[in-house]
Amino acid sequence: MQDRLCQTCGDELDPGRIVFAVRDSDLRLLVSPEPGMHPVCAAYSASGCPMLAGRMGHYRTTSLAAQLTEAGASFHGDPTGSRPAAPAERWHLLWTTGYRAFTNPLTGQPAAMVLPEQILRVRPIGPPPPLHPADHTPDSEPGPASTPGPERSPS
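Start counting at 1 in the sequence shown, then tack on 84, and there's your number in the working numbering.
No wet-lab data here; the hints were simulated from the structure. Any given hint might turn out to be false.
Simulated restraints on C-beta separations [as the list claims (entries may be wrong)]:
no., residue 1, residue 2, range
1, Gln202, Ser109, 13 to 21 Å
2, Leu113, Thr181, 12 to 20 Å
3, Thr145, Arg174, 18 to 26 Å
4, Thr181, Thr153, 15 to 23 Å
5, Gly141, Pro200, 28 to 36 Å
C-beta atoms are modelled at their ideal positions from N, C-alpha and C, and glycine is treated no differently.
With the hints as constraints, model all of the structure from the sequences given.
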């Protein structure tokens, strides 16, 4: 974050056009736990990464941190361990003119904070995540009484 390098190619970012891949929850806070990318690198990542592209409904069940720790590598992505097997959120590409690097008080990890005036555009990536059975209630299912039918004129 501090060095302002693209997370995909590793080259220096253009300070006037930085793209972050953010989840719905990140977008609400205008915070990204992931480093920014060049626009072309973001396009590549959005199509190549199954999570960003919306092709995965859940995070993997084994924590990536645990896998990397076993391999002796450091990890910063999910320090709280809250993502394994969790439902995937929708991802967006957040185009900005800059950001401020800070330590996220919720995770203790490096993050990027974007101010509203720095936002150029927000573009959803892929389809929204599928609804889960817990998201459905009997009242939310369309039934015969709630299904629109042809309008009738008064007799």
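Hint by hint, here is what the structure shows:
| no. | hint | verdict |
| --- | --- | --- |
| 1 | Gln202 - Ser109: 13 to 21 Å | 19 Å, holds |
| 2 | Leu113 - Thr181: 12 to 20 Å | 18 Å, holds |
| 3 | Thr145 - Arg174: 18 to 26 Å | 21 Å, holds |
| 4 | Thr181 - Thr153: 15 to 23 Å | 37 Å, violated |
| 5 | Gly141 - Pro200: 28 to 36 Å | 31 Å, holds |
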